[in-house]
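S.K.: Line by line, the protein sequences are chains W and Z.
Just so we're aligned: 27 in numbering that gives the first Met the number 0 is position 28 of the first sequence, and the numbers increase by one with no gaps anywhere.
Just so we're aligned: 263 in numbering that gives the first Met the number 0 is position 264 of the second sequence, and the numbers increase by one with no gaps anywhere.
These are computed hints drawn from the structure, not numbers from a lab.
Be a bit skeptical, because a hint or two may be false.
Claimed, not checked - On the chain W side, residues computed to face chain Z include the following (Cβ under 10 angstroms):
hint, residue
1, Asp122
2, Gln126
3, Leu233
4, Ser239
5, Leu255
Glycine residues also receive a C-beta, built at the ideal position from the N, C-alpha and C atoms.
Residue-level listing of the chains:
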Amino acid sequence: MNIIACYKVVPEEQDIVVLQDRSLSFARAEWKIGQYDLNAVEAGVRIAEDLGGRISALSVGAQPLENSKLKKGVLSRGPEELYLVVDSKLENADTHLTAQTLAAAIRKIGACDLILCGEGSGDLYAQQVGAQLGELLNLSCINGISKITLQDNTIIAERTLENEVEVLEIPLPAVISVTTDINLPRIPSMKNILAAGKKPVTQWDLSALELQQAENKTQVLSTLAPEQVERKQLILEGESEEVIQKLFENIRKELL
Amino acid sequence: MSQVKKVWVLAEKTDALAQLCAGGRQLGEEVAALVWGSREEAEKAAAYGADKVYWLGSPDQGRMLEDYTTTIGELLKKEIPDLLLVQPSRRGKHMAGRLAAGLGTSVIVDAAEITIVQGDIQIKHMVYGGAAFREERAFGPTTITTVGPGVFSVPAEERGSHGEIVEVEFREPAVSVKCLEKKSKAGAEVNLNAAKRVLGVGRGFAEQADLKMAEELAGLIGAEVGCSRPIAEGVNWMARERYIGVSGAMLKPEIYFAVGISGQVQHMVGANQAKTIIAINKDKAAPIFQQADYGIVGDLYKILPVLSSLIKANR
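This is chain W alone, in the form it adopts within the complex (with noise of 0.2 angstroms):
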């Protein structure tokens, strides 16, 4: 069984800066793997584990992916290599050229029987790579899945949605991509730090896999943040009787 786990590094939310003309700057951010991601690594980390195989892990993306402490950051979760598309061209890179990369990049590592990706990036959540690549490789392909369990050449799984949970059957090889509850990430041990810069790291550029030409095909006309909705802001301190009367009273005419 040969897994790949597909992964996404995004900048830390939290060091995201709106300036004032509500234009986002990324000067400060650190970056990280992909908190959803980390799931997809997981599941195909269990995997191997349980029935054998191998697992390998790939990325695409600019030059933050080089870092080498988000390079042992994914190889201390498991995997046994890494694969990494770097280029500039994919400095952001939309949903159809991150999938047109992936798949590229798949055909090129050879034979495979089960790629797994997050249920959606970190920064932009567009739940799309997984969908877009199944079908640029022509494989079966689903999302939303909360359980795999492998029985002989197919996975039965379960695939939550919003009202009802199905029971599905994916013939191999497939892309899937995975929610949030269908596993909690390990944390790696030290050993597994250390182990994680020993293991092989093969990097592409675009023009490795033949995809100098491919492009966005979307493009961005504005990113601002939204405007402040004008909010009352009468707080109040305290635990008082009378300060909670008077928050009552504030709100009395809203609430009942």
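Add chain Z to chain W, keeping to what the hints say.
M.R.: Same frame as chain W, but now just chain Z:
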């Protein structure tokens, strides 16, 4: 407002279909709906205002709606609508992605606003956990977007006219996933998006049992109870359907009552459309107070019982 020629809509549920048809009317000269189910369902869609209904028939047992992606994809390539509006459900987003990949384009998800500027479709949607709204447009003959709930409202009266129904022949996909069983989900019936009043609870509560205090207050003011993400996904005190924010519910209530919630942007994006925001939190510096109309800095364990008894006494 200028319009494009053809807008298509794709929805699993009839209320979403009606909303998207109404949106399609605003944006396009001609609206076509992709509809599953009996012929009656197809006729209903025509009554929602679709000029044309592409009737896909009833799915056989075990067949997933996703299996229609091939059929719909071929139809898109042949008819080339300018815009495809899709319901933003998990299934809708999945199908949108596969259709877009088939057409060699991208998807813009959770549109909060769609405008047509000199024939260009411009779509505004939230990014970076609510820190910003991005305006974007897609290249390619067909723009595909999922539309956030409540972006379009259904007109009070149904259009009397009946559109044309076109039967579409099913095309077997090359690969497919089989549905073995469907189970209903416990506790999934809450619809926070539609609630007029919502009371949100956060990590200010020390124990799950303490949520009773909040539930009592919610009951007194007729509010649905929602929560911040860690309550649903960290400690699992509440069902996932109840959490508010980026990947959870997006509210538009008259009153949002935040109890023990600090008000990080990822949460507030789901609540800041409320007409009135009331906050209780013991941390004076909590960002929630910057965004509240009324608030009290203090211990919720002392404040909630007194507030509840005041409401009871004054009803």
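S.K.: Next, verify each hint and record whether it holds.
M.R.: Hints, one by one, checked against the model:
no., hint, in the structure
1, Asp122, "6 angstroms, holds"
2, Gln126, "5 angstroms, holds"
3, Leu233, "5 angstroms, holds"
4, Ser239, "9 angstroms, holds"
5, Leu255, "6 angstroms, holds"
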